[in-house]
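Start counting the sequence shown at 12; every next residue gets the next number (the working numbering).
Fair warning: there could be bad hints in the mix.
[Stated by the list, open to error] Derived Cβ-Cβ restraints for the label pairs, each shown as a range:
#	residue 1	residue 2	range
1	Thr-91	Ile-34	20 to 30 Å
2	Ile-92	Lys-13	17 to 27 Å
3	Thr-19	Leu-117	16 to 26 Å
4	Leu-98	Leu-120	25 to 35 Å
5	Phe-89	Leu-29	34 to 44 Å
6	Trp-18	Ile-115	34 to 44 Å
7	Gly-53	Tyr-17	42 to 52 Å
8	Phe-94	Met-39	30 to 40 Å
9	Trp-20	Gly-52	39 to 49 Å
10	Thr-91	Met-67	10 to 20 Å
Rather than coming from a laboratory, the hints here were simulated on the basis of the structure.
Each residue gets a CB set at the ideal place from its N, CA and C atoms; glycine is no exception.
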Amino acid sequence: MKETRYWTWHMLAGIVILFLLGIHMITMHLDAILGWFNPAGGEAVDWGNVVARAKMAIYAVIYIALLAAALYHGFYGFRTILFELGLKHGAQSIINILFVVMGICLFVLGSWVAIKFHVIAQIA
12 MKETRYWTWH MLAGIVILFL LGIHMITMHL DAILGWFNPA GGEAVDWGNV
62 VARAKMAIYA VIYIALLAAA LYHGFYGFRT ILFELGLKHG AQSIINILFV
112 VMGICLFVLG SWVAIKFHVI AQIA
């Protein structure tokens with residue numbers, strides 16, 4: 012039952028990734044059509060446009076949500092592949108602990124960067 016719940020979250024994370032990555036792709040690659048994502052004009056990766064998007068709190072929220080979904084989806088998927096190798100229970104426990112710690116550390120670091128960039132962009 013517990014694994015079914017984890018698998019359900021894995022699938023939901025995949026859907027979230029699909030949706031949020033779609034927003035990212037539209038923002039970055041359809042800039043000629045949807046110019047409102049790039050208020051400074053020019054390419055989506057021009058510094059003026061990057062700062063303009065960073066000033067919007069919704070982008071920090073989107074990036075943090077994408078980070079959370081990608082980390083969970085990736086680590087759970089990799090964990091599932093490793094468990095299919097028939098590892099002993101002790102090795103599975105170590106993998107679980109290692110992946111949870113790594114996931115939390117990467118999430119904290121990535122969230123800090125997104126929030127910090129949003130704060131710095133307010134000054135710029």
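Each hint tested on the structure:
1. Roughly 27 Å separates the CB atoms of Thr-91 and Ile-34, a value that falls within the hinted 20 to 30 Å.
2. The given range of 17 to 27 Å is respected by Ile-92 and Lys-13, whose C-beta atoms sit roughly 18 Å from each other.
3. Remark: the range hint 16 to 26 Å for Thr-19 to Leu-117 is upheld by a beta-carbon distance near 22 Å.
4. Separation of Leu-98 from Leu-120 is about 28 Å and conforms to the stated range, judged on CB atoms against 25 to 35 Å.
5. Separation of Phe-89 from Leu-29 is about 19 Å and departs from the stated range, judged on CB atoms against 34 to 44 Å.
6. Distance hint check for Trp-18 and Ile-115: the Cβ-Cβ separation is about 21 Å, which falls outside the suggested range of 34 to 44 Å.
7. Taking the beta carbon of each, Gly-53 and Tyr-17 are about 44 Å apart, inside 42 to 52 Å as hinted.
8. Taking the beta carbon of each, Phe-94 and Met-39 are about 35 Å apart, inside 30 to 40 Å as hinted.
9. Between Trp-20 and Gly-52, the C-beta spacing of about 41 Å keeps the proposed range 39 to 49 Å intact.
10. Distance hint check for Thr-91 and Met-67: the Cβ-Cβ separation is about 36 Å, which falls outside the suggested range of 10 to 20 Å.
In summary, the numbered hints that this structure violates are 5, 6, 10.
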